Amino acid sequence: MAFFNRPLVIWAALVALTLASVAIAELIPLRVATYVVVFAAAVVKGQMVAVHFMETPRSQPVWNALYRIWIAAIGIALCAGVAFAH
Amino acid sequence: MRDDADAMANQPLTGADADAQPGTSGIWTFVFIDMIVFTLIFLVFISEKWRLPNVFSEGQAHLDFRFGLVNTLLLLTSSLFMVEGVHAARAGSLIGVRRNLALGLICGAAFCVAKTFEYHAKLVAGLTPATSSFFSLYYFITGAHLLHMIGIMVFAVNCLVAAPRELGQTSYRKKIENTGLFWHFVDLLWLFIFPLLYLAKGA
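First to last, the protein sequences are chains P and L.
Just so it is clear: in the first sequence, position 49 is 49 by the working numbering, and no numbers are missing.
Just so it is clear: in the second sequence, position 195 is 281 by the working numbering, and no numbers are missing.
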């Protein structure tokens, strides 16, 4: 498991998710499902940055919870916002 | 040492280890307040997009996703160097701190340069903050983010300069962890700004 915690591996996963979400947004006609995938990728990336780069699990539990809930909530809110405007 | 630091990253905090949390309590609070501020900004963007869907669709059509993609990759790479810099500081490696902070700063500077080129292209095309509600928010959101980037780069330069004389001190570890934490937050914000502005173009 230590291998998957290495910053370089996390960075590679973040880049791969970024390229995948760009490909989906640019190649597939924009529909609600596309928005969901693109913002879900952003939430996953955000969680990875929080856990592995910001090290939120090592912070006070309240910060760990607040930061990770914020990442999920903002992703859902933005996705819902652009989807309803569609 | 790096494996130790990597392994530590996912350990839950216990009461006795409060001092072991990365950064100071103040920076965690500060970042959370900034999160709330950006939440409000994002909500304004969404409400305006609902109110003026065609204006936003037309405005977003002028944005080139390649600029956003390059900026995303630069920020992610800068974050990699920052986290490696923090790990190097914990391991007491001056060379590691210097190399990683310098590379992170180069990526940060490249982000600022790319943003400047993007702004220049927009302004030359007559797309100013006064053009529409979309461009007003585009410049505000990306400008606020850019100011965050410039601000944290100043702190990263401070860490780089102070490393030779302060490395090994607890205060330096906290300083570089605070800098890294805020740097990653700036990266985190961009992870949502990028799809919001550059990818979710339909209306």
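Simulated from the structure, these hints should not be mistaken for laboratory data.
None of these values were measured; they are calculated from a predicted model.
Just so you know, not all the hints are guaranteed correct.
Claimed, not checked - Short derived list, chain P residues pointing at chain L, Cβ under 8 Å: (1) V15; (2) K45; (3) G46; (4) I69; (5) V82; (6) F84.
All residues carry an ideal CB built from backbone N, CA and C; glycine is no exception.
Each hint tested on the structure:
1. V15: holds, 6 Å
2. K45: holds, 5 Å
3. G46: holds, 5 Å
4. I69: With a minimum Cβ separation of about 10 Å from chain L (threshold 8 Å), the hint on I69 (chain P) is violated.
5. V82: Result: holds, 4 Å to nearest chain L Cβ.
6. F84: holds, 7 Å
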